[in-house]
Structures are given as structure tokens and as C-alpha cells.
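Peer 1: Given the coordinates of chain A, work out where chain B should sit on it, guided by the hints.
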Amino acid sequence: MGEKLPKVPGDPDTLSRPMRTLRVKMVLLGSSGVGKSSLALQFCKDEFRRTSPTVGCAYLTQVVHLREVTLRFEIWDTAGEEKYHSVTPLYYRGAHAALLVYDISNRDTFIRAQVWLRELEKQYLSGSTVLWLVGNKGDLEQRRQVSAQEGQSLANDRGLFFTETSALSGDQVEQLLLGVAHRVCECVGAQQGALSEWKETPHVDLCHRNTFNPFASCCKVGP
Amino acid sequence: MEGDSQRASASWENGTLAPGEHLRSDRADSPLPGLVEGTEPGAGQKSAMFVHAQSFEDLTAEAEEEVRREAEINKSGDGEEELKVLVGEKEQHSSDMTSESRTKEEDVTSEAWRSHRKHVFVLSDAGKPIYTRYGTEEALSSTMGVMMALVSVVEAEKNIIRSIQADGCKVVFLTKSPLVLVGVSRTCQSDKELLRELHYIYYQIVSLLTLTQLNNIFKNKQNYDLRRLLAGSEYLTDNLLTRLERDPGLLLSAVTCLPLASSTRDTVSSSLQAAKSKNLVFSILLAGDRLVTLLRKKDQFLHHIDLHLVFNLVGSSSSFREGEGWTPICLPKFNTAGFFHAHISYLEPASELCLILVSTDREDFFNMSDCKKRFMERLSKRSAYPALKEALKSPTYSVEQVGIPELRHFLYKSKSSGLYTSPEFPDVYKSDCEQERLMGLYQDLHSSLHHPTRPLRYVYRCGDTENLLAWVTSGFELYLCFSPLGTKALAVAAVTKLLKWIRKEEDRLFILSPLTY
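Chains as they are written, first to last, in the numbering used here: chain A, 1 to 223; chain B, 1 to 517.
Any given hint could turn out to be false.
[To be verified] Among chain B residues calculated to face chain A with C-beta under 10 Å, some are:
no.: 1; residue: 235
no.: 2; residue: 317
no.: 3; residue: 318
no.: 4; residue: 321
no.: 5; residue: 324
no.: 6; residue: 328
no.: 7; residue: 341
no.: 8; residue: 363
[Stated by the list, open to error] The calculated lysine to aspartate or glutamate pairs, modelled on EDC-like cross-linking and capped at a C-alpha distance of 16 Å, are:
no.: 9; chain 1: B; residue 1: 128; chain 2: B; residue 2: 225
no.: 10; chain 1: B; residue 1: 297; chain 2: B; residue 2: 361
no.: 11; chain 1: A; residue 1: 83; chain 2: B; residue 2: 225
no.: 12; chain 1: B; residue 1: 381; chain 2: B; residue 2: 266
no.: 13; chain 1: B; residue 1: 221; chain 2: B; residue 2: 125
no.: 14; chain 1: B; residue 1: 219; chain 2: B; residue 2: 125
no.: 15; chain 1: B; residue 1: 389; chain 2: B; residue 2: 352
no.: 16; chain 1: B; residue 1: 118; chain 2: B; residue 2: 238
no.: 17; chain 1: A; residue 1: 45; chain 2: B; residue 2: 324
no.: 18; chain 1: A; residue 1: 45; chain 2: B; residue 2: 348
no.: 19; chain 1: A; residue 1: 83; chain 2: B; residue 2: 234
no.: 20; chain 1: B; residue 1: 389; chain 2: B; residue 2: 266
To be clear, the hints were calculated from the coordinates, so they are not data collected in a lab. From the three backbone atoms N, C-alpha and C, an ideal C-beta is built for every residue, glycine too.
Isolated chain A, as found in the complex:
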């Protein structure tokens, strides 16, 4: 396992010098049952649990501290089922990072990931979004149907980043999130104003309700 992600938002280092917190919109796409929700759960809670199929979409957040900046990942964990595909563009629109997840023990999901890729490529110019191909269920080595080389070469051809993970064991999951964080900073963050700053919602003071609406800022941002 690589370096541990600092998961405590308020460690003394960050408190002493105020660091900018930037919002990163990340979307998880892929067929149903490839482990998108399990990955999201690993990102955010560092644990594995069997989940029931996602209904619509689940929204989770996780803070990642880098050397110069803190990133607040807003993760949209989409449902893989076909009936929800019509609403999926809502979630990947404006995303800074998109993870295309497939199951290494199921070739159909690999093909499906390429369909998602084509759809995303129609929307984005390369460089504005970090696209990451993720072969999940690395723990099912015996039932592997998609080799790591195949994933890697697809990624090379189409200019994607590539990682194989196991949401079950947690293998490579942290590294993946950290990798995405670095790439987002390099690729997207370089463009001025591409990432908006995130401000902690001030404590609501009921007495001043009428004069100050702390929520006005985030209401304008669509999913």
C-alpha cells in the first residue's frame, strides 16, 4: 500500500495555514454490478459492504489533502441500469473527473465502458476532464476475462489513465483517488478558475436569517 491518505480534515498542519479548498466533481460510470458504489464507499468510508443496486444516483463527498491544496471531491455514484441512462448526462456534465468502471471478470462490462467513453468523448475536449479507466474486482483473478494489458492498451490508445482496483480488499483504491486528485490539479487546475472554491457553510444564525443566506452560493450549482 502506498502513502496513506490523510482523512482527518482538520489536522494541525492545515489549521495553522489556511489552505484553499477546491471543489472537484467526479462521476462514476459503468454497467450495473461492476462495483461503482463499493468503490465510492471505499473512497469515502474506507470500508467494504455489499450494497444493493443504486437507485438513480448517490452523492458522497470526500476531502483529499494535497501539498498545496485541499480538494473536496463531490462524487456522483450513478446507477448502471439502463433505465437511468437518460438522466446520467446530468451527472457527468461539468465533471472534472470521470471514472469508467468495468468488472475484470465480465467482458460485457468492458465493452460497455467503451460505450460510455464514446459518449463522454462527444462531450469533452481532451484535457478538460480527467478520464480514468478502472478495472475493478481485481480480487477475482481466477475468473478474469479482461487482461490488464487490454485495459492498459485501450487507455493508451484513447489517452486515459488506467488502474486495476479491488473495492473488496481496498487494493489500489486510495492510490486511485490520490492519482485522480493529482491529475485533476495538473490538467484541470492549470486552467484559471476551472475549479471553484469551496467554503464551509457558516453556522446558521437564526437571528440573522433575513439578512444573510449562507446557502445562496451553492444553490446555483447544478448537479
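Peer 2: What follows is chain B alone, placed relative to chain A:
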């Protein structure tokens, strides 16, 4: 999506579904029988919270209209011969089918499969399998083909097939183009009850896709395999069928509330009322399967079927426990044409309390998320949250609290509020099997009270294992279950006592002052 709420609201203006505005200032002090609607224990003080449908009747009204238009199926002469041939064919077909195992591993040729108490099949107009409760759709494609043939043969003679009685089995058909639903039951439920259940399944499917989408799909491609779109949601239908067997709310067309001090409930409601937003139509706070409170936009009403579909969605999936859920959902009794968008989240990861915020705008996620935050802040500020959590520890009550000898269980529904109350099942009925049996008895009584041509007002039934009394007035519906030692005189005397008790406890057991925003 913008115009959806407006469009949908128009559908209520036909007058039949709008709740009547009763003046309830003069609530009767003593809950005597003969109470009129709106003054019975549990009746809301201001206005009804739900669509004031004649519940059960409303559900089947559509079907009955059709009956009026079309003659009952003529079961004599050639028609019968034809049916017999087809039924015979069905037997043949199902016996030479190969078993296929997927998730629902079951051999559809086996005796075990045949002897399930209730089968439910959904197929398309073209006879393509969409859902089966037991076994796999693939293995049953020819059986479903026969079902479709039965429907079409009768249709060809400008008639509608309603049901077939055969060999201790009842086969009930519901045609809701582009879908056909078939129930095969060995229970003693009436056709009407079975039809009601099939309607629920129909609405369940519509709630995932909308009727508009469903129609478009089949208009473009008649032999479309709808399972593609329903993949991953079969469990919702499975769970709904289980609920239909266990949940009195689905039988009574009502929902039950978490017992809560009225001051706490009022605080929770007003906190939710304050957390409003432009496109927010309904805010629903649930504790498991129990309603804590429900807020609605003024002039918009939720139908209990829609609410039960929401309950089913939330109760069937653990996915809302991780983060905040955001999903399109069609509330078919509100509007079959469009999606609402529901923000679904638990107040705490391990909590039973689940907040559902229904918006008309699909881009409203952050607004809804914000409403939740504001609600939580208000709730904590006004210290209602600890009280609410405390109430969760006793989500139900025992029948002993009522103090009626030999009384084991009861269901009481206030018609005007659409809410019901019921104690927990006593030890005798703790097992699933006994619970389903008691529910079956209640269903029976329900059928008698709501018989389409000969409805009864009272039923008293003596059995070996329990004695039952059912009573319906214009204000309430009551089902009592006594031990076999109870007598009829005791049962009749118990009614007044029970109504008095419910009146005394109504603050806690019902939502008497529903709010709107």
C-alpha cells in the same frame, strides 16, 4: 420538467379525487358509532393530507367502468371449449420446458413451483415476458404466450377476460395496455382483491418508467424486451408482493404513523415546513415503514398508493444509506406522464429516520440537499431531535395498553385522514406464517365489507383459533381479532371501549394537524 406539477395538478381538478373540505370544529366528544366522516378518532383537524379517494373503490373503479362497458366473459358454449383447449395446452407447454437458473433458481416444471400460493406474471401486449414472481421469465415464455393468447382470443370477440376459476386456482387478468398482468392464486381472496394487488404491481412498473415512456417504447417496437429497462429493479416488485401479504396499510389503503407526542411532531413538521424550496412538492419523513410527518405544497395531494410505492422503494434498497440519493421517480397516481426527482437520505447513517424530498426539477439536487441541512439545523435547535430519537425506541405499542380482555390485535383506519393504527402483533402471531394467516383473515373480512354488489357493514366470524369482528362506518374501518374465548357480546362492547381509547391517544397515534407550504 418545469410544467409537470402544473400539468399533474390539473388531473385532480376533475373533482372526484379532491378531498372534501370538512368543517371539523365540532369534533364529537364521545366516539360513538355513527360518527360521521371527519369527526372519527384520528381525523385530521385542518384538512386531509392525502388524496381523499374512496381508496379501494378508487383503485378498481376503472376496471368496473370497463365491466359496465363490456359484458362479462361468456363462459358458455364455444368460448368455454376454447378456454379448455388453451388451458390444456398450457399444462402441456409448461411440462416440456427446460429449467433455467439465474437468480431465482427454481424449476418451473416442478411441483414446488406450481404449489406457490400466489404467482404474478407481467407480460407485454405482444406476449413477451416481463416479470414472474417465481422462476425465470425465459423458462416461462411459452406459458406467458398462452396467457396472451387467452387475452387475445376473448378480445377478438370484443370482450375482456377477467378471471378463470380452475382446480382450486384463480387466474385473474388485468390488461393495462401495453402491459398485461396475470395473477394465479390459491388463496381464498376475491377477484377484486387480486385485481387490486395487480394494480399495485402495474403502478410499481409505471413508477420506474412513466406511462409515457412505456407507451413510446412499445409504439416504436412492439416486441421490445422490457426486462432490459427493468433489470435490477425486480426486487422492488418482489418486495411489493411480500408487502401486499404482510402490510395492513396496503390492504386498508392507508398509512400508519410513528407514535409521537404531538408537540414533538408539530415541531418536526414546522421545521420541515420552514425548509421549503420553490420546486419542492412533498417532504416526507419516515421512521422505517411509519410516517413521522408529511408536508405538501398547498393544493397538491399525495395518493396513498404513491406513498406506498415510495415506502417500498426506500425500504427495499440499502443504497440510500450511503450518501444522498437522487433519483427520478414517477408517482403514477399523481401523474403517469412525468418524473419527479426525489432526494432520499437518512438523517444519520444508522438511523431509521429517512427524509424524502420530492421536487419537480431534476437539477434541484443541491437545493434539496440544502433543505435537508436547514431542516436538520432547525430540528436540533429546537431540541426535537432527541425526543424524536427517543420515540423511535418504541415505534409500536402492545394491545394490553388498550385494556380490553381477550383482544389480541386490531386495525383501525380513520377514513378522512387516510391513516390507520394497529398494535404490534402479539406472540401468537409473531411468526411470518401466522402473521400472513391473520392478514389473510383480515383480507377476507375486507372483501366482505367492500363487496362490489353486497357490501356488509358488520362481520363477526368465529373460528377455532380466533374470533374476528369487522365494522365499517362512514368515518372509520375497524377490524378486531379476539382469542377464541371471546364472545360476540364482548366483541361488540369492545368497540366503544377501543374507540374511546383511540380518541384518548389520537394525538400520539395520528397526524392531526398536517401542514402545507
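Peer 1: With reference to the structure, classify each hint as holding or not holding.
Peer 2: To see whether the hints hold, each was checked on the structure:
1. Look at residue 235/B: its Cβ gets to within about 7 Å of chain A, closer than 10 Å, so that hint holds up.
2. Hint status for residue 317/B relative to chain A: holds, with the closest Cβ pair at about 5 Å, below 10 Å.
3. Checking residue 318/B against chain A by beta carbon gives a least distance of about 5 Å; that is within 10 Å, so the hint holds.
4. For the restraint placing residue 321/B at the interface with chain A, the shortest Cβ-Cβ distance is roughly 9 Å, inside the 10 Å limit, so the hint holds.
5. The beta carbon of residue 324/B comes within 5 Å of a beta carbon in chain A, closer than 10 Å, and the hint placing it at the interface holds.
6. Here the hint on residue 328/B is kept, as its CB sits about 6 Å from the closest CB of chain A, short of 10 Å.
7. Checking residue 341/B against chain A: minimum C-beta separation of about 8 Å stays under 10 Å; hint holds.
8. A least Cβ separation of about 4 Å between residue 363/B and chain A falls short of the 10 Å threshold, and the interface hint therefore holds.
9. Restraint check for residue 128/B and residue 225/B: the C-alpha separation of about 7 Å stays at or below 16 Å, so the hint holds.
10. Of the supplied pair hints, the one linking residue 297/B and residue 361/B holds, its CA atoms being roughly 15 Å apart against a limit of 16 Å.
11. At roughly 13 Å between alpha-carbon atoms, residue 83/A and residue 225/B fall within 16 Å of each other, so this suggested pair holds.
12. With a CA separation close to 14 Å, the supplied pair residue 381/B and residue 266/B stays within the 16 Å bound.
13. Between residue 221/B and residue 125/B the alpha-carbon distance is near 11 Å, which keeps this suggested pair within the 16 Å criterion.
14. At most 16 Å may separate the alpha-carbon atoms for a hinted pair to count; residue 219/B and residue 125/B meet this at roughly 11 Å.
15. For the proposed pair residue 389/B and residue 352/B, the alpha carbon gap of about 9 Å is at most 16 Å, so the pair holds.
16. Note on residue 118/B and residue 238/B: the hinted pairing holds, with a Cα-Cα distance of about 12 Å set against a maximum of 16 Å.
17. For the proposed pair residue 45/A and residue 324/B, the alpha carbon gap of about 14 Å is at most 16 Å, so the pair holds.
18. Among the hinted pairs, residue 45/A with residue 348/B is consistent with the structure: their alpha-carbon atoms are about 14 Å apart, no more than 16 Å.
19. With a CA separation close to 13 Å, the supplied pair residue 83/A and residue 234/B stays within the 16 Å bound.
20. Restraint check for residue 389/B and residue 266/B: the C-alpha separation of about 15 Å stays at or below 16 Å, so the hint holds.
Of the numbered hints listed earlier, not one is contradicted by the structure.
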